[in-house]
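A.B. asks: The residues making up each chain are set out below.
There are 2 protein chains.
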Amino acid sequence: MKWEDIQEAYCGSMGKAVYFPGHQICGAMGRTGVAITNVENASASGSSAFREAYLAIASGSCDVALAMGVDKKALAPPKEGEKADDQPAQGKPLRFSPVMLFAQMAKNHMQKYGTTVDQLAKVSVKSHFNASHNPYAQFQKAVTLEEVHAARMVSDPLTVLHCCPIGDGAAAAILCAKKVAGKYTDKLCPTVIGSLLRSVLPDGDPTFALTQHTAKLLYEKTGTGPEDLDLIELHDAFTIEEILYLEALGLCEPGQGGRLIDEGVTSLTGKHPINSSGGLLSMGHPIGPTGVGQIAEILWQMRRECGKRQVEKEVNLAMAHMVGAGGVCALHLLKK
Amino acid sequence: MKWEDIQEAYCGSMGKAVYFPGHQICGAMGRTGVAITNVENASASGSSAFREAYLAIASGSCDVALAMGVDKKALAPPKEGEKADDQPAQGKPLRFSPVMLFAQMAKNHMQKYGTTVDQLAKVSVKSHFNASHNPYAQFQKAVTLEEVHAARMVSDPLTVLHCCPIGDGAAAAILCAKKVAGKYTDKLCPTVIGSLLRSVLPDGDPTFALTQHTAKLLYEKTGTGPEDLDLIELHDAFTIEEILYLEALGLCEPGQGGRLIDEGVTSLTGKHPINSSGGLLSMGHPIGPTGVGQIAEILWQMRRECGKRQVEKEVNLAMAHMVGAGGVCALHLLKK
Numbered sequence: 003m004k005w006e007d008i009q010e011a012y013c014g015s016m017g018k019a020v021y022f023p024g025h026q027i028c029g030a031m032g033r034t035g036v037a038i039t040n041v042e043n044a045s046a047s048g049s050s051a052f053r054e055a056y057l058a059i060a061s062g063s064c065d066v067a068l069a070m071g072v073d074k075k076a077l078a079p080p081k082e083g084e085k086a087d088d089q090p091a092q093g094k095p096l097r098f099s100p101v102m103l104f105a106q107m108a109k110n111h112m113q114k115y116g117t118t119v120d121q122l123a124k125v126s127v128k129s130h131f132n133a134s135h136n137p138y139a140q141f142q143k144a145v146t147l148e149e150v151h152a153a154r155m156v157s158d159p160l161t162v163l164h165c166c167p168i169g170d171g172a173a174a175a176i177l178c179a180k181k182v183a184g185k186y187t188d189k190l191c192p193t194v195i196g197s198l199l200r201s202v203l204p205d206g207d208p209t210f211a212l213t214q215h216t217a218k219l220l221y222e223k224t225g226t227g228p229e230d231l232d233l234i235e236l237h238d239a240f241t242i243e244e245i246l247y248l249e250a251l252g253l254c255e256p257g258q259g260g261r262l263i264d265e266g267v268t269s270l271t272g273k274h275p276i277n278s279s280g281g282l283l284s285m286g287h288p289i290g291p292t293g294v295g296q297i298a299e300i301l302w303q304m305r306r307e308c309g310k311r312q313v314e315k316e317v318n319l320a321m322a323h324m325v326g327a328g329g330v331c332a333l334h335l336l337k338k
Numbered sequence: 003m004k005w006e007d008i009q010e011a012y013c014g015s016m017g018k019a020v021y022f023p024g025h026q027i028c029g030a031m032g033r034t035g036v037a038i039t040n041v042e043n044a045s046a047s048g049s050s051a052f053r054e055a056y057l058a059i060a061s062g063s064c065d066v067a068l069a070m071g072v073d074k075k076a077l078a079p080p081k082e083g084e085k086a087d088d089q090p091a092q093g094k095p096l097r098f099s100p101v102m103l104f105a106q107m108a109k110n111h112m113q114k115y116g117t118t119v120d121q122l123a124k125v126s127v128k129s130h131f132n133a134s135h136n137p138y139a140q141f142q143k144a145v146t147l148e149e150v151h152a153a154r155m156v157s158d159p160l161t162v163l164h165c166c167p168i169g170d171g172a173a174a175a176i177l178c179a180k181k182v183a184g185k186y187t188d189k190l191c192p193t194v195i196g197s198l199l200r201s202v203l204p205d206g207d208p209t210f211a212l213t214q215h216t217a218k219l220l221y222e223k224t225g226t227g228p229e230d231l232d233l234i235e236l237h238d239a240f241t242i243e244e245i246l247y248l249e250a251l252g253l254c255e256p257g258q259g260g261r262l263i264d265e266g267v268t269s270l271t272g273k274h275p276i277n278s279s280g281g282l283l284s285m286g287h288p289i290g291p292t293g294v295g296q297i298a299e300i301l302w303q304m305r306r307e308c309g310k311r312q313v314e315k316e317v318n319l320a321m322a323h324m325v326g327a328g329g330v331c332a333l334h335l336l337k338k
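Quick mapping for you: the protein sequence lines, in order, are chains W and F. For the record, in the first sequence the residue sitting at position 83 is 85 according to our numbering, with numbers rising by one throughout. For the record, in the second sequence the residue sitting at position 259 is 261 according to our numbering, with numbers rising by one throughout.
Hints listed in this document are in silico derivations from the structure and should not be mistaken for laboratory results. Remember, it's a predicted structure, so these values are computed and weren't measured experimentally. A hint or two may mislead.
Copies of the same chain look alike in the list, so a pair counts if it works inside one copy or between any two.
Capping the alpha-carbon separation at 20 Å, the derived lysine to any residue pairs in SDA-like fashion look like this [unchecked claim]:
| no. | residue 1 | residue 2 |
| --- | --- | --- |
| 1 | K223 | C64 |
| 2 | K114 | Q258 |
| 3 | K223 | I8 |
| 4 | K180 | S61 |
| 5 | K4 | D205 |
| 6 | K338 | I195 |
| 7 | K74 | G17 |
| 8 | K310 | I168 |
| 9 | K180 | M3 |
| 10 | K109 | A152 |
| 11 | K223 | S63 |
| 12 | K4 | G252 |
| 13 | K4 | P204 |
| 14 | K218 | Q9 |
| 15 | K273 | Q312 |
| 16 | K223 | A60 |
| 17 | K180 | S63 |
| 18 | K223 | Q9 |
| 19 | K223 | T34 |
| 20 | K218 | S63 |
Use the sequences and the hints to build the structure in full.
C.D. replies: Structure (structure tokens):
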């Protein structure tokens with residue numbers, strides 16, 4: 003495939019530091035006249051870029067589209083003298099941060115359903131193990147349960163190993179109309195059978211409730227169900243999220259997420275492997291690229307090119323899930 | 003139509019001050035779960051939002067989509083002590099600004115083709131006249147040729163009345179699949195027969211050459227030509243642009259744009275009225291909203307609801323044209 007074959011390009015980014023990132027990237031690749039649009043949907047920026055590329059092809063506007071995600075330190079680390087935890091510095095107002103929200107959700111889940119800190123920590127252990135076999139991961143070192151527990155506390159009960167890192171990154175995926183895909187590769191190419199975005203719901207939180215709502219619509223539209231999912235790449239910025247979304251996606255009843263972690267259902271050898279890439283926790287979460295990176299992982303898993311992090315079962319149907327600040331959930335369903 | 007009928011929403015904005023503007027707006031309207039995506043393509047941000055809404059419907063993803071544009075002081079005016087003209091302050095490096103680029107393009111056009119300052123100024127006079135009858139315009143006062151000449155010089159030969167203002171603004175358009183439009187209105191609704199975006203070309207500038215290239219593709223795709231255009235809303239951030247794009251769109255040979263202005267071809271009573279709204283020069287250019295505002299003007303003109311700024315001839319086919327920094331040209335063709 004030549005660069006000239008790309009007809010439309012979408013770039014997802016929330017980094018306010020880079021203006022018109024799509025144009026900068028495409029300009030550097032060579033000026034072909036390709037149609038470029040920059041999209042921004044917080045953590046779901048990359049997923050939205052992928053979705054717009056999909057819609058451009060589905061609409062007949064083009065046959066080949068590029069979805070990119072890029073960000074450079076979209077979220078800056080705490081500055082010297084600022085505290086990263088949930089305790090305000092003396093005399094300063096509390097600075098809201100997502101970790102406080104998810105720490106509270108973890109506490110609620112523990113209180114309501116008896117979910118344990120061990121179950122939360124096991125999500126981190128699995129994630130780091132998977133990432134230890136992913137050459138594209140930000141963290142490529144496995145961790146033990148003890149290490150997760152003993153790590154620096156950020157917001158109780160979440161130590162730093164329960165939290166995704168920040169960083170720079172980039173990811174890209176090329177989408178083709180079915181009729182032309184064979185021109186470019188004879189390798190397996192998954193088919194996008196569902197692409198759904200939903201935002202700001204009347205009630206409920208923009209993570210659990212919105213994921214539940216969007217998944218229900220997607221299953222209806224595609225005639226699938228949670229039991230069909232052979233792989234899920236999901237938004238695990240914090241360990242509690244894997245447990246929450248397991249439930250929101252319908253893989254178990256509310257409150258049963260922790261049990262599924264204990265049973266290894268979401269590990270590489272389980273029935274519903276989650277985040278074989280290492281996910282946001284360990285592959286990383288540079289924001290713009292994250293949702294596009296999920297798609298790449300699904301492709302590689304379906305092609306069984308993942309080496310030691312290869313999912314044991316055959317991956318026939320896989321889901322990419324992202325939520326984003328502002329209140330957005332993006333789901334993509336890919337079929338082998 | 004109820005707010006709940008909107009299925010997808012796109013918000014074009016380049017204002018770095020507002021995060022996730024689409025989500026903020028849709029949240030305030032009432033949380034329905036509508037799918038929201040924020041897009042950013044410089045001056046063409048609104049046009050890109052309109053285009054994505056169009057593609058979402060064309061792809062079959064939804065039947066009703068909202069395209070919005072919004073910005074709050076996307077470009078700040080020169081700060082106290084900064085000079086707005088093309089002369090650097092003593093000892094300070096020259097600060098590049100778009101007006102310098104277009105002033106140079108005006109000079110080049112004058113030298114190469116004999117275009118006059120009078121012809122440039124007439125664009126401003128026409129624009130302000132049209133806007134004087136537009137209740138949505140930022141400037142609603144007609145100006146004389148003498149006033150344009152005598153206004154404060156910004157970058158020779160462009161006085162401030164050759165330049166569009168900055169400002170806050172918002173615009174919205176609702177797009178429907180043909181099969182459902184009748185459910186919501188019995189008024190005339192134009193059909194989008196072409197939607198094209200092109201970016202960064204191999205050679206040539208991102209304004210004239212890119213417009214020429216994109217227009218050629220659009221005419222080919224839609225079986226139309228410049229002679230068919232009954233109304234054009236185009237990107238006239240500076241007066242020279244109306245002359246340049248007249249030529250780039252093929253309404254005359256290169257160098258003949260000034261003559262068309264003299265002959266009144268682009269006035270409300272002319273063969274190819276341009277910017278009946280007042281355009282960027284007089285309706286205003288708040289960035290994100292501008293491209294969506296063009297669509298509204300076309301709709302009103304086709305419905306003959308424009309009062310004293312109503313185009314004389316019947317508007318059967320109209321074009322909305324935007325260019326944007328970063329190198330993008332968006333064209334939409336609407337048919338009665």
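A.B. asks: Each hint should be assessed against the structure and marked as holding or not.
C.D. replies: Hints versus structure:
1. K223 <-> C64: Only across copies: K223 and C64 sit 12 Å apart there, 24 Å inside one copy, limit 20 Å.
2. K114 <-> Q258: This pair counts as within: shortest intra-copy Cα distance 11 Å, inter-copy 76 Å.
3. K223 <-> I8: Between copies only: 18 Å across chains, 29 Å inside a chain, cut-off 20 Å.
4. K180 <-> S61: both (13 Å within a copy, 15 Å between copies)
5. K4 <-> D205: between (47 Å within a copy, 19 Å between copies)
6. K338 <-> I195: Result: close within a single copy only, 10 Å intra versus 35 Å inter.
7. K74 <-> G17: Answer is both; intra-copy 6 Å and inter-copy 19 Å each pass.
8. K310 <-> I168: Intra 25 Å, inter 56 Å, cutoff 20 Å: neither.
9. K180 <-> M3: within (15 Å within a copy, 37 Å between copies)
10. K109 <-> A152: Cα proximity of K109 and A152: one copy only (18 Å, versus 69 Å across).
11. K223 <-> S63: between (23 Å within a copy, 11 Å between copies)
12. K4 <-> G252: neither (42 Å within a copy, 31 Å between copies)
13. K4 <-> P204: between (46 Å within a copy, 15 Å between copies)
14. K218 <-> Q9: Cα proximity of K218 and Q9: across copies only (16 Å, versus 33 Å in one copy).
15. K273 <-> Q312: within (13 Å within a copy, 66 Å between copies)
16. K223 <-> A60: Cα proximity of K223 and A60: in one copy and across copies (16 Å, 18 Å).
17. K180 <-> S63: Both: 14 Å inside a chain and 18 Å across chains, each within 20 Å.
18. K223 <-> Q9: between (28 Å within a copy, 15 Å between copies)
19. K223 <-> T34: between (37 Å within a copy, 19 Å between copies)
20. K218 <-> S63: between (29 Å within a copy, 16 Å between copies)
Against the hints set out earlier in the document, violations occur for numbers 8, 12.
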